[in-house]
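Work out the full structure, taking the sequences as your base and the hints as a guide.
Protein chains: 2
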Amino acid sequence: MPDPMIGARLPRREDQRLLTGRGRYLDDLDLPDALAAAFLRSPHAHARITAFDASEARALPGVVAVFSGADLMEIQKPLAPKVQHPKLRDYPRLPMPPEELHYVGEPLAVVIAESRYLAEDALELIDVDYEVLPAVGSTAAALRPGGPLVHSGDESNVAVLLTQSAGNAKEALGAAPHTLSEEFYQMRGGGHSMEPRAVAARFEPATGQLTIWDTTQSPHYARQQLSMIYEMAEDDLRVIAPPDVGGGFGPKAQFYGEEVVIPWVAKRLRRAVKWVEDRQENFVSAMMERSQTHRVEVGFDDDGRLLAVKDVIEHDQGAYCAGLQVPSITTSTVPGPYKVPNIDIELRACYTNMVPTSSVRGAGRPQAVFVMERMMDRIAAHLGLDPAEVRRRNLIQADEFPYQVGIMFRDGSPLTYDSGDFPALLEGALERIGYASARAEQARLREEGRYLGIGLAVYVEGCGLGPYEGAKIRVTNRGRILVTLAAAGQGQGYETIYAQIAADGLGLDMGYIDVTTGDTARIPFGQGTFASRITATCGPAVFDAAKQMRTRLLDTAAVLLGCSPSEVDFDGDLACVGGDREKSVSLQQLAQVANIGKHGITLPRGITAGLETASYFSPERAAYASGAHAALVEVDPETGGITILKYVIGHDCGTVINPLLVDGQVLGGFAHGLGNAMYEEAVYDGEATPQATSYLDYALVSSAEVPPVELFHLESPSPLNPLGAKGAGEGGTVPPPAAIANAVEDALRPLGARVTRAPVTPARIVDALLAADSVTEKKVS
Amino acid sequence: MPDPMIGARLPRREDQRLLTGRGRYLDDLDLPDALAAAFLRSPHAHARITAFDASEARALPGVVAVFSGADLMEIQKPLAPKVQHPKLRDYPRLPMPPEELHYVGEPLAVVIAESRYLAEDALELIDVDYEVLPAVGSTAAALRPGGPLVHSGDESNVAVLLTQSAGNAKEALGAAPHTLSEEFYQMRGGGHSMEPRAVAARFEPATGQLTIWDTTQSPHYARQQLSMIYEMAEDDLRVIAPPDVGGGFGPKAQFYGEEVVIPWVAKRLRRAVKWVEDRQENFVSAMMERSQTHRVEVGFDDDGRLLAVKDVIEHDQGAYCAGLQVPSITTSTVPGPYKVPNIDIELRACYTNMVPTSSVRGAGRPQAVFVMERMMDRIAAHLGLDPAEVRRRNLIQADEFPYQVGIMFRDGSPLTYDSGDFPALLEGALERIGYASARAEQARLREEGRYLGIGLAVYVEGCGLGPYEGAKIRVTNRGRILVTLAAAGQGQGYETIYAQIAADGLGLDMGYIDVTTGDTARIPFGQGTFASRITATCGPAVFDAAKQMRTRLLDTAAVLLGCSPSEVDFDGDLACVGGDREKSVSLQQLAQVANIGKHGITLPRGITAGLETASYFSPERAAYASGAHAALVEVDPETGGITILKYVIGHDCGTVINPLLVDGQVLGGFAHGLGNAMYEEAVYDGEATPQATSYLDYALVSSAEVPPVELFHLESPSPLNPLGAKGAGEGGTVPPPAAIANAVEDALRPLGARVTRAPVTPARIVDALLAADSVTEKKVS
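Each protein sequence line maps, in turn, to chains A and B. Residues 1 to 781 in my numbering are what the first sequence lists, from first letter to last. Residues 782 to 1562 in my numbering are what the second sequence lists, from first letter to last.
Note that these hints are calculated values from the structure, not bench results. Here a beta-carbon is modelled for each residue, glycine too, at the ideal position from N, C-alpha and C. Treat each hint with caution, since some may be false.
Quick list of simulated restraints, FRET-style, between CB atoms [to be verified]: (1) 840/B / 22/A: 37 to 47 Å; (2) 942/B / 20/A: 57 to 67 Å; (3) 1385/B / 228/A: 15 to 25 Å; (4) 1361/B / 9/A: 55 to 65 Å; (5) 1401/B / 228/A: 39 to 49 Å; (6) 167/A / 1385/B: 50 to 60 Å; (7) 841/B / 18/A: 39 to 49 Å; (8) 87/A / 1385/B: 18 to 28 Å; (9) 268/A / 842/B: 27 to 37 Å; (10) 1197/B / 9/A: 24 to 34 Å; (11) 942/B / 582/A: 28 to 38 Å; (12) 16/A / 842/B: 39 to 49 Å.
DSSO-like mimics (lysine-lysine), calculated; alpha carbons at most 30 Å apart, straight line [stated by the list, open to error]: (13) 77/A / 1379/B; (14) 87/A / 1379/B; (15) 87/A / 1364/B; (16) 547/A / 1328/B; (17) 547/A / 1379/B.
Structure (structure tokens):
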């Protein structure tokens, strides 16, 4: 048997092509005859189209067609929310609305031309009259009685009101020796994948099949939606998510109007058509997240032990509900790693006239962790306790799993943590940040008028959820092992990881194994790459399909070699009897016999035809990854500048399949989280007009801003799948806003600054210091 | 449970579209941008290309490219014989030979142009110089010592020499009380599918996939060959055999140079390219069959019981060996339904400079049956016994199965008949032809100078052989049952038959079931539609996959309905508890839950994701269908004209899945056999130049020539598969030449004519009568 590959620190197979510039992204696909598409988008946050005239645009040489929403009524069917709720007041999101528009950037027409340049020129020739309607630019405005409506004629702007509760929070808060309350706010931010969204399509009349290349994270979901909207058989739609994708980060897991329009137009025109979102379009039309307001109240005893948490969440759903996953996740993430006997969470998700929100890496968790971790620090400050000690006293202990939180998971089942060791993560982070000496240094420097701060954040992250993911394994007639996943990678290294897992299941060297992903024509069922779910769902499926295939291969070899399967094992690609390479058959020979048949006439007795296995793995419930971050920062109270002196990440995603790739995930996620913590804001004005539509106005974090990080892993294998895997894609993103905000407030505590908004920008720090001064002044006066 | 569908006499689902002119054959595929291809073919039976100049052709407006074999050296790799033998002296058959050409019609260059008209015009502008070489126009010439060689420089024209033997025929013949010998000959004939061969291809650079539409009977075989020749991954080749095909009949089960050239050119030019064989091309380049010479000697006792058979077969392999299946089948078919204690069969397969031969419906069996059945009549005549009685005395009896013939099947295993009742078939045919009264009528009319003849032919037909065939069944998200076969139908009604079989396995009405066939992208493994094998191999696979799916569906329904699977059954498309339609889930609901997941998050416990099942069925060995034909004819000794007064077919193909379709197969096969018996001859002259290249020169049988037939079925289920199915596609074709020849010689027995060649044409009858006269005259003189 070759060495185990699960757990091996291997560079990505993808690296060679990606690092040498040979990655092929959607715009690089060899579609030389494809027409280019450009979308006309609403310049208004809320408006009604009163006249549409594209005659001049159509007359432009090189323009092949112009379609308004009204020209394509057959596909104006609602794009269903991905995660539903019976109480959701869903307002239909149409691919390209023919009448009313609900956010700046909403597509209302498409130009198809010989080049993108011509298409964009033609956009300017389209004459649209709009009746501008009042717009809603915040959740506060949305919930203001008598204020404007996001959707004209709707009864209110509320999408859904939901509650989560355990025990009796009201009573517990009333009886608590101490209570504290605060209002927290996180700004909108986006996914900002390096490659934006893109769709290309070609209809082949000879097969009746529409092939769609889509940078989606969920090709099977896209196919299912298109099958319903187009009323086409699912097999007549082939959705391919190209293996090289410049990131997904959540927004590409959703399904958009452009994905409906482009293939339909390609079919109608019988020409290949391609649309690649440009960066400005990405700013105004790719879904965003984060934007939430939390009014939280905590009750606790003299030792700092939590008695109750009450949180009222206003969630900005944007113009439509693409799914309730984000606010649902927030509600179930609030308690985090702590034992909270009484919980009362109220969600008010409402519509606004801004681009819809959906999951962005972290997906509702950073907001909840921000709230809870900020309050842990407040409790410590209130009681004069050490913030690490307050956390210690409240953490769920390693021997308490499976741990029932007391509230519900978003499928209605009891929220149950499978495994973990939160105290060990916290202590590991404290030790590595040099907690005790940092506190001493903080005290020493304060005397010099310098403001050091230490911020902690511990979190729990639901991941690896169902319903299932699958894999097929086939031995090709040329003797290669082909592993086929439905899942479409977003840069996580699927070609590497799943070859590792398959290698262990097969007992074969990875070199014989190829991995293919994200193509609905290759495997009929799949869900998609989101929610840090693939390793824990697809991993076990690959492992099981590989073990099945090993049995098939050894059985086949045993028949051909005239021995028992237990006497056969692989040496390289040779199945040998008792280790003897002279008494062997190769993978290719096995495939030739089982797939083709001996002499094309018979199959030797005992051999099953067709070396293909399939497995779908469906976890009983979500697994829970966890982590502890610790930040040591210095804040300049004059400028509000933050210097991160040290950052420690403790991370537990269960079994680590490939440490190198998990490190990459965690560190990449951390960079994203750092953006949310300190830089990124998708600012809209009060009229819901986006103010940041380029990187001149949106401070996307770059590698220059990312400090060195000390990362350590703990492995608490999940009992929910045979690999013990959880998810690693989002954990790095979740706690940085909390850790940084805690560190900043900790640094500035002598000055009384209160940090309640993320990102924690210099301007906000200065504002907080000015506000603190005025409070101090008031107190003095 | 709905009524059983297996055994139901149902019209074809395909009929509606086919009978209303909406069938879509390869040339009807919607490929409006496809370029047309035309092949330049050798005008010589044997020649060497000494100069090739296509400059004038290339200059013709509308001509896109001209490629000679030398221009495409990268694909000039041998097309492997389909059925091999270690002793075969295989001469490499190249897709488009660059140097030496070996038969009239062999492709040597291809023109690609905007239309077929232009392409054909350009063919005439290609300037080729040939060195004409001596050609071999018959097996006799091929085997003549010192004669010309088919392949220059080869050591001989022999492809293979093989023997089959049981007991000791030489000794038995020496000791036999009676021996008779004769030389028989069957002419070349073709498949003559209504739709000739055709290939179209398009390369999609964005996927790297080459899609190939091919009228092949074996799409997976074509893909495997192309994968090896092109050195492309098998998944980068998608071979689709369109579901509407104008017949296959064997020649389309082979793999031809045109199938290699067209896709390659499409990939090279990055344009769709289509080639449809025209009728003249079909005459000179589609493979043929039949052409064999048999020198047979039989030994028998006074009662007409066979003691020994010796047969020396000269088989005309044509210019290349596309596979040894035909002569192999002939050797194992000679003994037929009779007990032959001593057998000695010698096969001399040799090359000739004519289009290669391979299987044509019947595939080597008509020749063997002709030989054996003619000799049964000769034995009867020699001993003055009734021909039916001689057969009765020699037939294998119904209680003797499994019956070991004593010789070998072509995979090297002992030839073993699985089941049957040959005496019952014979008696049934005798009864229906009115044998006794026909004999009386024959005697009566002879007195009037009219010549009635009765011909019998009993046969056994190996069919339903391995190595395997498979099926997948999937429930689509819209709740349809999709049955996917690798096999490509040739008009047999697969969409109907496999829906019937699946319906019984599923316990569902056929109306919910769709069948798709012959597409390598839909199912990875398959063999093809030939050798009357699909019902006996694919049928059990469909049945098993359907039963698996029934279990999956009932299990899933039981989870959703909260009951045990045994309480659930289907009423229409509703899985109901205890027959209550109010307590039910629909197929679509089942699919939505198992394929997509509830709320897109979880899969209820106990439900396995992805409603797809697969099954591959591999029979232990071939099954044996059988039949007895009886013909009553009148022959006009002046003109040689034959009138078929009555024709009876007794047919046993095991379990009959759909009697209407089996009747169609048997009667269609009979028409083909009638052509071989009385009309069709692919005449070549002594220089191997084809003389019949249109239907003006080739008497293809039409419906006008086909007499009414009385058909009866016997069902001896095969124990080799769970359906008991055998094959029905070729049985009708096998015995007519024997039955008609026997009837003609029986009619003319008073005049002493000897019938030894098929087809039995008026000219041959007159020749035979003249020869008989001269014998009589000699005797008199």
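For each hint, the structure was consulted:
no., hint, in the structure
1, 840/B / 22/A: 37 to 47 Å, "holds, 39 Å"
2, 942/B / 20/A: 57 to 67 Å, "holds, 58 Å"
3, 1385/B / 228/A: 15 to 25 Å, "holds, 22 Å"
4, 1361/B / 9/A: 55 to 65 Å, "holds, 59 Å"
5, 1401/B / 228/A: 39 to 49 Å, "holds, 46 Å"
6, 167/A / 1385/B: 50 to 60 Å, "violated, 29 Å"
7, 841/B / 18/A: 39 to 49 Å, "holds, 47 Å"
8, 87/A / 1385/B: 18 to 28 Å, "holds, 22 Å"
9, 268/A / 842/B: 27 to 37 Å, "holds, 32 Å"
10, 1197/B / 9/A: 24 to 34 Å, "violated, 59 Å"
11, 942/B / 582/A: 28 to 38 Å, "holds, 33 Å"
12, 16/A / 842/B: 39 to 49 Å, "holds, 47 Å"
13, 77/A / 1379/B, "holds, 22 Å"
14, 87/A / 1379/B, "holds, 16 Å"
15, 87/A / 1364/B, "holds, 25 Å"
16, 547/A / 1328/B, "holds, 25 Å"
17, 547/A / 1379/B, "holds, 29 Å"
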